[in-house]
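Novice: Work the whole structure out from these sequences, hints included.
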Amino acid sequence: MPHLEIVSLSSRYGSEEVLKEVSLAADQGEVLSVIGPSGSGKSTLLRVLIGLTPPSGGEVFIAGERVDYSSRRSLKGLRGKMSIVFQEYNLFQNMTVMRNVTVAPIKIKKRPREQVERQAEALLAKVGMAHKQDAYPEELSGGQQQRVAIARALATNPEILLFDEVTAALDPERVNEVLETIRGLTNEGITMIIVSHEMAFVREVSTRVAMMDEGRLVECGPPAQIFDAPRQSRTREFVSSILRH
Amino acid sequence: MLDTVMQQAPAFFNPHNLVFILQAMGRTLGMTIVGCTTGFVLGMAIAVLRGSRSVLLLPLRLVAIGYVEVFRRIPFLVILFIVLFVIEPLLPGTSLLGIATISVCLLSTAFLSEIIRAGLESVPGRQIDGAHALNFNALQTLVMVTLPQSWKVILPPAAAFVVMFVKDTSLASQLGVIELTFAGKMLVNRGFSPLLGFGAILVCYFILSYPLSRAAARLEKRLAAS
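Those protein sequence lines, which keep their order, are chains A and B.
Using the working numbering, the letters of the first sequence correspond one by one to residues 14 to 258.
Using the working numbering, the letters of the second sequence correspond one by one to residues 8 to 233.
Check the hints yourself; a few may be wrong.
[Unchecked claim] Chain A is nowhere near these chain B residues, computed Cβ spacing over 12 Å in every case:
#, residue
1, F19
2, M32
3, G58
4, V130
5, Q156
6, A166
7, R197
8, P218
[Claimed, not checked] Which stretches of chain B does chain A cover? Using the computed rule of at least three CB atoms under 8 Å from a CB of chain A, they are:
#, stretch
9, 131-143
10, 146-155
Note that these hints are calculated values from the structure, not bench results.
For every residue, glycine included, the Cβ atom is placed at its ideal position computed from N, Cα and C.
Specialist: In structure tokens:
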């Protein structure tokens, strides 16, 4: 049974359907990357998965259990198992790095403060941000903020981690530090869905790659298939245009 | 004119008059504090209600929008008379000060709710997304994320509103509430020079509003620095 199963998932913004019957599955610990041109529905897919944008159709299962996006209880359960790292980091500007990482485990999950702070220190050390735990987000560079955001997402002990174009808002020289951090997480058994334009990185870390266009899933397969021998002409066209640049 | 002032000063500053002015000052301050505190609490509730997307709360939201839009557009003096004519038959025996205080609350709630709403809306949606993705409920998002980030936008205009309100309570004198302005008028009617009577009232208004203005300016500076 797949760890995460997406069946015919659709979503609309007003009258426009931005996600059209997307079906995907990821096994436990798998790294599934989603590629495609801007506006192809990749970020919407992640927003729908974590319940920030309501689906207009389809179903999502986690370890065989159906997620009911209209139920607060089901959403709460879902977000206890799934975390997201946003493109713009979305760190709470009124909280220090340490508080950003610990606020959800302490206030929402009601775990003991001491234990959470110890875990947060370890996580911040892991992403190379231990020395900045008392800083506020605005005092950090984009890459540093994104690494704190990754630590914050990990602090809730997620089974599934979503990355939404996490390097898109960064200076080119900051991209590697974030990719390095994600690379270090790929062998920890967390199921990851990565939306990215960093093709070399996607090719290296993914177990499978899904190509999306105009809200639809075009093709899904191992990186070698998608990058070297795509079966669909749209995938070929996209990959070759990206690799040319 | 100054001769008259000098001549009347000893009689004017007798303990009886000073107590009378202090009591009036207390009423002005009381109306401002009760009005603005109530306005802040109810204004916050309305601002949060207006930001809610719940379908169940839609009727309440419409009532809140109607209330705010109407009361922000009516002159305070008209509100005072409306409240007077509505309250008098419903709750006979309500004091004029009570009626003026209710009017102050109605007006300040409408204005402060808009100031608070603007503050809450100044927080980027990304912050709210971050909170929801971490399983914060609406109240936790408000208390831990939205409010702390919106004080910067809320406090300067809210403080300016309170300072302005100290002065606006003078309209309650039209109902016969013995607040500062009415007290000045009474003292002048007793034969004291207008320069002396209203001069003393001017000083009282300054004593009330200047520390508030300074505190607001200091707060604004501190928030801007943070």
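Novice: Of all the hints numbered above, which does this structure not satisfy? Sort the numbers upward.
Specialist: 4 and 5
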